[in-house]
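K.L.:
Listed below are the residues making up each chain.
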Amino acid sequence: MAAPSLYDEIQGIRAQYPPRAKSAVLPALRLAQERYGWLSPDAFREVADALDETPAYCESVASFYDMFHLAPVGEHLVEVCTNISCALVGAQQVLEAFEAELGVHPGETTPDGSVTLRTVECAGGCGWGTVVAVDHRYREPVKAEDVPAIVQELRG
Amino acid sequence: MSAQRLVLQGAEPGRDLTAIADYREVGGYGQLERARGLEPQAVLDELLAANVRGRGGAGFPMGKKASFLAKGTGKPTYLVVNADESEPGTFKDREIMFTVPHRLIEGCLVTAHAIGATNVFVYIRGEYLHEFEILRAALDEARAANLLGGVTIVLHRGAGAYICGEETALLESLEGERGQPRTKPPFPAVAGLYASPSLINNVETIATVPIILELGGDAYAKLGVDNSSGTRVFSLSGNVANGGNFELELGTSLRELIYDIGGGIPGGRELKAVIPGGSSVPVLTADQVDTPLDFDSVAEAGSMLGSGAVIVIDDRACMVQLGLRVAQFYMHESCGKCTPCREGTRWMVQLLRKIEDGQASQGELDLLLNVCDRILGKCLCPLGDAAAMPIASYVDRFRAEFQAHIDQGGCPFGGESSLEGIFAPVDQHTHDPVAEVPA
Numbered sequence: 013m014a015a016p017s018l019y020d021e022i023q024g025i026r027a028q029y030p031p032r033a034k035s036a037v038l039p040a041l042r043l044a045q046e047r048y049g050w051l052s053p054d055a056f057r058e059v060a061d062a063l064d065e066t067p068a069y070c071e072s073v074a075s076f077y078d079m080f081h082l083a084p085v086g087e088h089l090v091e092v093c094t095n096i097s098c099a100l101v102g103a104q105q106v107l108e109a110f111e112a113e114l115g116v117h118p119g120e121t122t123p124d125g126s127v128t129l130r131t132v133e134c135a136g137g138c139g140w141g142t143v144v145a146v147d148h149r150y151r152e153p154v155k156a157e158d159v160p161a162i163v164q165e166l167r168g
Numbered sequence: 012m013s014a015q016r017l018v019l020q021g022a023e024p025g026r027d028l029t030a031i032a033d034y035r036e037v038g039g040y041g042q043l044e045r046a047r048g049l050e051p052q053a054v055l056d057e058l059l060a061a062n063v064r065g066r067g068g069a070g071f072p073m074g075k076k077a078s079f080l081a082k083g084t085g086k087p088t089y090l091v092v093n094a095d096e097s098e099p100g101t102f103k104d105r106e107i108m109f110t111v112p113h114r115l116i117e118g119c120l121v122t123a124h125a126i127g128a129t130n131v132f133v134y135i136r137g138e139y140l141h142e143f144e145i146l147r148a149a150l151d152e153a154r155a156a157n158l159l160g161g162v163t164i165v166l167h168r169g170a171g172a173y174i175c176g177e178e179t180a181l182l183e184s185l186e187g188e189r190g191q192p193r194t195k196p197p198f199p200a201v202a203g204l205y206a207s208p209s210l211i212n213n214v215e216t217i218a219t220v221p222i223i224l225e226l227g228g229d230a231y232a233k234l235g236v237d238n239s240s241g242t243r244v245f246s247l248s249g250n251v252a253n254g255g256n257f258e259l260e261l262g263t264s265l266r267e268l269i270y271d272i273g274g275g276i277p278g279g280r281e282l283k284a285v286i287p288g289g290s291s292v293p294v295l296t297a298d299q300v301d302t303p304l305d306f307d308s309v310a311e312a313g314s315m316l317g318s319g320a321v322i323v324i325d326d327r328a329c330m331v332q333l334g335l336r337v338a339q340f341y342m343h344e345s346c347g348k349c350t351p352c353r354e355g356t357r358w359m360v361q362l363l364r365k366i367e368d369g370q371a372s373q374g375e376l377d378l379l380l381n382v383c384d385r386i387l388g389k390c391l392c393p394l395g396d397a398a399a400m401p402i403a404s405y406v407d408r409f410r411a412e413f414q415a416h417i418d419q420g421g422c423p424f425g426g427e428s429s430l431e432g433i434f435a436p437v438d439q440h441t442h443d444p445v446a447e448v449p450a
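Protein chains in written order, with this note's numbering: chain A, 13 to 168; chain B, 12 to 450.
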């Protein structure tokens with residue numbers, strides 16, 4: 013059996029909300045991003061079509077939220093929390109270790125397209141900092157000396 | 012007063028109650044059965060008697076909020092659970108969700124019965140993937156055990172926006188919009204989700220509901236101190252030996268939390284400052300460490316209990332750098348709707364960076380306070396205040412340190428601050444966060 017199309021999956025989500033509600037926009041955008049890696053103009057058209065909205069509307073919503081990618085990202089995503097609780101216990105050293113290992117700065121992707129490094133606002137693991145999310149899975153606490161092994165794992 | 016695990020009851024360190032069988036072993040879902048045998052008003056009366064104040068940050072009495080719900084509107088009443096935990100320093104709702112998810116579900120079902128709702132939406136922050144998966148599995152178990160009783164619970168994931176923890180922004184986001192707060196009135200109790208009467212409560216508040224029923228509202232109200240009944244799950248972080256979530260009776264002192272429970276400040280350092288309720292609240296100084304952690308005592312000390320997130324700061328931290336990092340956060344998270352917040356947070360960042368770099372004049376320190384003053388109370392939602400209050404407090408309580416930056420033409424920590432060079436997400440954006448505002 014073929015996997016359900018994005019269109020059909022989005023209809024399933026819409027059914028959870030009252031008729032005419034636009035509540036499925038966020039979940040639909042997430043599904044599209046999981047499928048394509050980022051939200052391209054084509055992805056917005058596809059989502060908009062499934063929701064009876066315009067692509068511009070979908071993009072206006074997506075652009076508000078930090079987790080949506082409006083440009084391509086690497087195969088893996090490394091997100092380092094640098095808010096104050098993590099910062100007080102060495103987030104900057106953890107970030108610098110990732111920069112050194114990956115050879116990129118926050119907001120950049122390695123030249124081979126394998127890893128995108130980002131800093132994020134408070135991830136909600138403050139007592140167990142520094143929090144690093146690797147492909148949306150939290151590692152906590154991460155110390156600077158843990159970084160080479162994490163990068164090695166991603167490079168396989 | 013000390014540790015008393017009620018919300019986290021049964022979930023001893025290292026043990027979780029994610030499986031329904033384990034949750035039932037500690038009496039789980041017993042209160043749901045009892046509640047469904049009671050008139051909704053009788054359940055509501057227990058919540059009112061408990062005088063439980065919201066655990067999200069604002070501290071509004073939960074029972075009173077529920078009693079404001081408009082009746083006879085011909086529209087459904089919705090229960091919305093705010094699981095968009097994003098206040099820097101706060102990670103308690105996350106622990107509740109990954110250790111006792113069924114207590115949250117039971118709380119949802121009891122509360123839904125009390126307010127006559129058949130639709131519950133749990134808005135969970137997008138980053139909490141693990142917690143979402145645990146909650147989804149728990150919900151499947153509850154459904155399979157026929158516990159939902161005609162109530163639907165939808166788990167709705169956010170997508171990364173601090174502002175969506177503000178209740179009307181949350182509603183906008185849940186309705187598929189950009190998460191910008193609404194003008195009040197109308198209040199959500201009258202016209203909330205889908206323009207219908209809606210009760211919005213924090214995860215911890217809802218997870219407390221089965222406990223209140225179990226103990227009885229009057230008995231619950233006797234826990235803690237006057238005007239701050241019950242327990243709270245405090246999130247302890249920063250420069251402390253044992254960070255983590257600790258459920259304590261309200262009124263426990265900061266000293267007990269930081270030193271007796273948290274193991275004190277590591278590395279032989281001195282306590283410099285404490286943020287008692289998440290990054291949005293004014294800072295306390297080391298000599299205020301005997302302040303009891305309850306709503307009124309923390310307010311008397313000049314701050315707020317907020318989300319119960321206690322951030323410990325030792326003597327290696329430069330308060331200007333702390334202020335800069337906090338201001339960068341609010342600048343990043345400002346939704347842009349109100350001018351004082353959108354422009355003011357940016358201006359604060361610029362001034363704090365100039366002070367830190369030793370480039371600021373004496374007048375610019377006063378200007379920073381002036382900017383804070385012009386944000387305070389002048390925005391639709393509390394985000395502007397949440398930026399202005401802490402920054403103004405850092406200047407107020409550590410004035411000499413700010414002054415030293417100006418007098419010395421640089422940071423007196425000389426590169427040795429624990430927050431030296433901390434990088435904020437705003438710096439990876441394409442816009443220039445330090446562009447000059449025209450004079």
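Do not rely on the hints blindly, as some may be mistaken.
Unchecked claim - Once the Cα atoms are required to be at most 20 Å apart in a straight line, the calculated SDA-like pairs of lysine to any residue come out as:
#1 B/K82 / B/G255
#2 A/K155 / B/G255
#3 B/K348 / A/E71
#4 B/K86 / A/E71
#5 A/K155 / B/K348
#6 A/K155 / B/K82
#7 A/K34 / B/Q191
#8 B/K348 / A/P31
#9 A/K34 / B/L166
#10 B/K86 / A/Y29
In short, the hints are calculated from the structure, not lab data.
K.L.:
In ascending order, which of the hints set out earlier in this document are inconsistent with the structure?
P.N.:
Per hint list: 1, 4, 5, 6, 8 violated.
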